[in-house]
Amino acid sequence: LVGGVATYPISSLTVGNHPIRAIYSGDANFGGSSSGSVGQAVTQATSTTGLVSSLNPSTPGTSVTFTATVSGPGSTPTGTVQFKDAAANLGGPVSVNGSGVATLATSALTVASHPITAVYTGDANYTGSTSSVVTQVVNPAVSATVLGSSLNPSTFGQSVTLTATVTSGIGTPTGTVQFRDGVANVGAPVALNGSGVATLVTSTLSAGSHSMSAAYGGDATRAASTSNTLIQVVNPAATTTALGAHTPDPSPRGALVAATWTVGVVGPGAGTPGGTVTVSDGVDSCAAAVAAGGCSVALTTVGARTLTATYSGDANFGGSASAGTAHTVAPGASTTTITSDTPDPSVTGQSVTVTFTVTGAAGTPTGNVNVSDGGSVSCAATVAVGQCVLVFPTAGAKTLTAAYGGDLNYLSGLSTGVSHLVNAAATTTTLLTHTPDPSVAGAAVAVTWSVVPTAPGAGTPTGNVTVSDGVDSCTADATVGGCTIAALTTVGTRTLVATYAGSPNFAGSASPGVSHTVN
Numbered sequence: 001l002v003g004g005v006a007t008y009p010i011s012s013l014t015v016g017n018h019p020i021r022a023i024y025s026g027d028a029n030f031g032g033s034s035s036g037s038v039g040q041a042v043t044q045a046t047s048t049t050g051l052v053s054s055l056n057p058s059t060p061g062t063s064v065t066f067t068a069t070v071s072g073p074g075s076t077p078t079g080t081v082q083f084k085d086a087a088a089n090l091g092g093p094v095s096v097n098g099s100g101v102a103t104l105a106t107s108a109l110t111v112a113s114h115p116i117t118a119v120y121t122g123d124a125n126y127t128g129s130t131s132s133v134v135t136q137v138v139n140p141a142v143s144a145t146v147l148g149s150s151l152n153p154s155t156f157g158q159s160v161t162l163t164a165t166v167t168s169g170i171g172t173p174t175g176t177v178q179f180r181d182g183v184a185n186v187g188a189p190v191a192l193n194g195s196g197v198a199t200l201v202t203s204t205l206s207a208g209s210h211s212m213s214a215a216y217g218g219d220a221t222r223a224a225s226t227s228n229t230l231i232q233v234v235n236p237a238a239t240t241t242a243l244g245a246h247t248p249d250p251s252p253r254g255a256l257v258a259a260t261w262t263v264g265v266v267g268p269g270a271g272t273p274g275g276t277v278t279v280s281d282g283v284d285s286c287a288a289a290v291a292a293g294g295c296s297v298a299l300t301t302v303g304a305r306t307l308t309a310t311y312s313g314d315a316n317f318g319g320s321a322s323a324g325t326a327h328t329v330a331p332g333a334s335t336t337t338i339t340s341d342t343p344d345p346s347v348t349g350q351s352v353t354v355t356f357t358v359t360g361a362a363g364t365p366t367g368n369v370n371v372s373d374g375g376s377v378s379c380a381a382t383v384a385v386g387q388c389v390l391v392f393p394t395a396g397a398k399t400l401t402a403a404y405g406g407d408l409n410y411l412s413g414l415s416t417g418v419s420h421l422v423n424a425a426a427t428t429t430t431l432l433t434h435t436p437d438p439s440v441a442g443a444a445v446a447v448t449w450s451v452v453p454t455a456p457g458a459g460t461p462t463g464n465v466t467v468s469d470g471v472d473s474c475t476a477d478a479t480v481g482g483c484t485i486a487a488l489t490t491v492g493t494r495t496l497v498a499t500y501a502g503s504p505n506f507a508g509s510a511s512p513g514v515s516h517t518v519n
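Position 92, counted from 1, in the sequence shown is what our numbering calls 92; the numbers after and before it change by one each time, with no gaps.
Don't read these hints as lab results, they were simulated from the structure. Check before you lean on any hint, since a few could be wrong.
What the hints assert, rightly or not - Just the calculated beta-carbon pair ranges, DEER-fashion: (1) T460 <-> V491: 33 to 43 Å; (2) T276 <-> S211: 25 to 35 Å; (3) P268 <-> D407: 20 to 30 Å.
Backbone N, C-alpha and C fix where the C-beta goes; we use that ideal spot for every residue, glycine too.
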């Protein structure tokens with residue numbers, strides 16, 4: 001007792017109602033005594049739970065330790081902590097140690113962002129509490145892809161096996177690999193086997209250098225990866241060419257000779273060559289796709305010839321040529337054809353371009369061609385020029401023929417007749433002068449005009465032109481160029497019109513009205 005007062009601090013009272021009494025033991029002068037009970041209520045203290053991760057972010061299969069620290073006023077809380085991934089429990093409850101710490105180590109978290117919490121359940125002296133969320137990020141594990149080839153360089157058509165091997169720091173990768181040639185996919189995705197290997201066998205790579213790669217798509221626990229670029233060199237396959245039949249033999253000069261061929265592939269190459277084969281005697285030739293197996297050539301040089309079939313090759317196959325084969329060409333004839341007469345119909349005076357061809361069974365004859373309507377209109381040009389120009393001064397239906405004069409190698413010939421229509425050309429009539437203007441009623445007025453063909457027509461229109469104000473008029477031949485109206489009898493502003501009546505070769509026309517004053 002100090003000054004009659006005694007105090008006793010205590011922090012060990014458990015949760016509940018405690019009846020507290022103070023008992024004085026007395027001394028030499030005072031007898032002992034006991035107080036009444038004081039009800040001391042002790043409630044649970046509030047706890048706080050903190051949570052930390054040992055490794056964040058982490059990768060699948062890597063052990064991560066979550067540490068929950070529970071604290072409160074006074075003594076150290078006891079009990080358990082339940083670790084949670086969102087609403088799901090991670091394992092079972094973990095006991096809090098003497099330092100208020102509970103730990104959970106796990107390597108089972110999948111690739112994702114996991115909201116981890118630690119839930120303390122409380123004990124007799126402390127309330128439960130939940131930690132703040134720790135977002136545990138689990139990133140895919142890094143993978144590596146390596147691409148190899150079974151044969152490099154290879155020959156077009158030869159099988160090549162591409163092998164992609166995928167590795168990772170955790171286990172054996174699963175999923176698929178897409179093989180690529182540059183940016184283009186080669187085949188469909190290929191599944192990895194139990195050793196993390198995918199293979200693709202191909203014989204379709206074109207000749208050339210190919211930038212091959214393998215793209216691993218990743219799986220639930222591993223990130224995607226792309227292999228090294230492998231330059232796969234594919235060489236063109238070698239070929240052989242043989243000339244077969246060439247009929248008829250001998251052949252008439254210019255006649256078609258049907259030649260056949262075969263193109264083979266030299267191993268280890270394989271496949272079907274594309275491109276063309278040309279058959280030639282050194283002057284004339286024909287060509288066709290390899291698959292056609294033949295073509296027809298018009299041989300124009302008379303005498304003994306040597307035919308050769310030459311395969312040009314393509315992107316995947318090398319070229320080759322056959323041995324020379326003897327062939328005989330005898331002389332033979334021509335065909336002359338008018339292919340167009342433009343424009344048709346035409347008009348008088350218009351230039352008409354007549355196009356013609358002269359052919360033999362093959363090759364091009366030389367020499368001249370004369371085109372005629374059977375009368376006085378004709379034109380001539382060489383076979384090489386292939387066209388000439390006719391101008392028809394009269395309208396009507398015409399029949400055109402082309403006569404080829406022949407040359408050293410081809411006989412002369414005449415084309416079949418071609419119909420051509422020549423219409424009358426349109427005209428334009430213009431009233432030029434009307435003097436005097438103004439004139440006096442009853443006085444003569446001299447008028448002039450022009451009548452010209454409207455393009456593309458040409459020539460000199462003939463026939464009558466009449467000039468009138470609707471009451472008085474004069475008439476003369478179009479070529480005269482004018483006439484005199486004996487008297488304009490109507491006073492006032494008059495409208496003069498010159499009207500060309502037309503002819504067999506030129507269509508009629510009228511001038512615009514021209515004002516004339518009669519006082």
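Each hint, compared with the structure:
Between T460 and V491 the beta carbon distance is about 38 Å. The supplied range of 33 to 43 Å therefore holds. The hinted range of 25 to 35 Å is satisfied by T276 and S211, whose Cβ atoms lie roughly 30 Å apart. Taking the beta carbon of each, P268 and D407 are about 54 Å apart, not inside 20 to 30 Å as hinted.
Consistency note: the structure conflicts with earlier hint 3 alone.
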